[in-house]
Amino acid sequence: MAKGFLNALKGVDAFGKTMEDVKVKTRTGAFLTLLAAAIIISFTTMEFFDYRRVKVETSMVVDRSRGEKLNVNMNITFPRVPCYLLSLDVMDISGETQSDITHNIYKTRLDERGVPVPNSIVKGLQNDLDKINSQRENGYCGSCYGGVEPPSGCCNTCEEVRQAYVNRGWSFNRPDSIEQCVQEGWSEKLKEQASEGCNIAGRVRVNKVVGNIHLSPGRSFRTSAHNLYELVPYLRTDGNRHDFTHTIHKFAFEGDDEYDMRKAKIGKELKQRLGIAENPLDGNVGRTIKQQYMFQYFLKVVSTQFQTLDGKTINTHQYSATHFERDLDKGAAENTATGLHVAHGTGGVPGAFFNYEISPLRIVHAETRQSFAHFLTSTCAIVGGVLTVASLIDSALFATRKVLKKSGHSPVNGGYTNGKLM
441 MAKGFLNALK
451 GVDAFGKTME
461 DVKVKTRTGA
471 FLTLLAAAII
481 ISFTTMEFFD
491 YRRVKVETSM
501 VVDRSRGEKL
511 NVNMNITFPR
521 VPCYLLSLDV
531 MDISGETQSD
541 ITHNIYKTRL
551 DERGVPVPNS
561 IVKGLQNDLD
571 KINSQRENGY
581 CGSCYGGVEP
591 PSGCCNTCEE
601 VRQAYVNRGW
611 SFNRPDSIEQ
621 CVQEGWSEKL
631 KEQASEGCNI
641 AGRVRVNKVV
651 GNIHLSPGRS
661 FRTSAHNLYE
671 LVPYLRTDGN
681 RHDFTHTIHK
691 FAFEGDDEYD
701 MRKAKIGKEL
711 KQRLGIAENP
721 LDGNVGRTIK
731 QQYMFQYFLK
741 VVSTQFQTLD
751 GKTINTHQYS
761 ATHFERDLDK
771 GAAENTATGL
781 HVAHGTGGVP
791 GAFFNYEISP
801 LRIVHAETRQ
811 SFAHFLTSTC
821 AIVGGVLTVA
831 SLIDSALFAT
841 RKVLKKSGHS
851 PVNGGYTNGK
861 LM
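Under the working numbering, the sequence shown is numbered contiguously, ending at residue 862.
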C-alpha cells in the first residue's frame, strides 16, 4: 500500500525527466547558455552591490521635542565697527533676554586693513589699568555713582561703573564726568580704537522658540519692557563714520550632538552626501556706507535628525534665509521700478538682526540597506527568470528549425542536418 502511494505521488512531479539518448544539443543552445550565464553573473553582481549600498531615506514628522535649546554658531566680521561699540543681544517670544553676551563669545580687534590687532597692544592697555590700580590707596572703594553696586560694593574701574549704570537702566553717556574713567583715560583709548573693526565669533545658546539675535551699537539694557541702547556722544561728533558693513563667515544652528566629536563627524559626512553641508548665510556680505542702516535676516529653522545603520541618532538643524535691508534715515522714501512710491519706517536701530522662527516639522534622514532575504530572493528571481527566458527562446528557435526542415527549407549552415548536430 505504501509503495502504491509513493507511485501515485509521481503524478504530481513538476520536473519531468528525459532520457539522455533523446536529448538534442545544439550550437544555438550552447550560445544561449553562455549568454544566460553572463547575464546572470552581471545582474547578480549589480544586485550584490545594491544590497551592500547604504541609502538614505528622507521623511517628515511632527517635531514633538520640548524644552530643547539651540546652539547658534557664528563668525562675523564688521570692518567699520570697533569691538567696544559692538553688542550681542538675544530676545525671544517667551520674554527671555540675554543682553551684551560675552560667555563663549570672542571679539577680535581689527585694524583698518582687517588685520588682528597684536596682543601686545591689548596687554599694554591692561598694564596701564593695573598700574592705575596699584597707585590707588589700599582699601580704595570707588563710587558707582548711583548705579547698581556689585557684590563688593565698590566700582573701582570705569567698566564696573558702566556695568552698574546698565544694571540700573541708565545710559552711560558721560564717561568724562566719572573719576575712574578719567584716571584710566577711557575716552581717549576708545577714540583711538574708533577706526578699528571687529570680528565676533563663538556660540550662543537660545530657547527653541521664535526670537532674534542682534548685533548693534552700544550695550543694550531693559527699561519699561523696551530695548534701548546707549550711544556714547563722542562717537557722533568726532567725525568717524561707523557702519554695519559685514561679512558672515559662518552662521549655523546646531544641536548638542554636534559637540560630540564622533557624532559631529558622522553628521558632517551625511550632510555632505545629501548636499546640505553649506549654510545659506555662509559667505554672505552686507554692504552700506550709511550709519543709520539696518540689515535684517529672516530665518526658518527646521529640526533635522540623522539615523545611522548602527543605531546612532544625530540631531541638528537646517534653516532657510531671506534678507532685507532698511535705511533708517528719514524713512528713505523712494519709487519702485513699477512707479509705486514706498516709504520705510524710521523706527529701529542700525545693526545686523537675525530673526528666527521654528518649524513644527522635523526632517528625518535614515540610513537603510536591503535585507539579506531581499538579496537572496532577488538573486533567485534573476537566475530563474533568465534561465526561463533563455529556455523559451531556445525552444522557439528549435521548433522553427524543425518546421523549416520539414518544409524543405532548412538553411545550409543552420545548426541542424538530418536532426543531428553538425
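Don't read these hints as lab results, they were simulated from the structure. Owing to the predicted nature of the structure, the values given are computational and were not obtained by experimental measurement. Using N, Cα and C, we set each Cβ at its ideal position, and we do this for glycine too. Please note that a few of the clues may not be correct.
[As the list claims (entries may be wrong)] Computed Cβ-Cβ distance ranges for the label pairs, DEER-style:
1. D750 <-> P591: 29 to 37 Å
2. H689 <-> I541: 12 to 20 Å
3. D750 <-> A813: 19 to 27 Å
4. H689 <-> G825: 55 to 63 Å
5. V649 <-> R727: 26 to 34 Å
6. K740 <-> S617: 27 to 35 Å
A quick look at each hint next to the structure:
1. For D750 paired with P591, a C-beta distance near 50 Å fails the hint of 29 to 37 Å.
2. Distance hint for H689 and I541: a CB-CB separation of about 18 Å, consistent with the stated range 12 to 20 Å.
3. At about 20 Å, the CB distance of D750 to A813 agrees with the hint of 19 to 27 Å.
4. The given range of 55 to 63 Å is respected by H689 and G825, whose C-beta atoms sit roughly 57 Å from each other.
5. At roughly 32 Å, the beta-carbon separation of V649 and R727 lies within the given 26 to 34 Å, and the hint holds.
6. For the pair K740 and S617, the beta carbons lie near 47 Å from each other, so the given range of 27 to 35 Å is not met.
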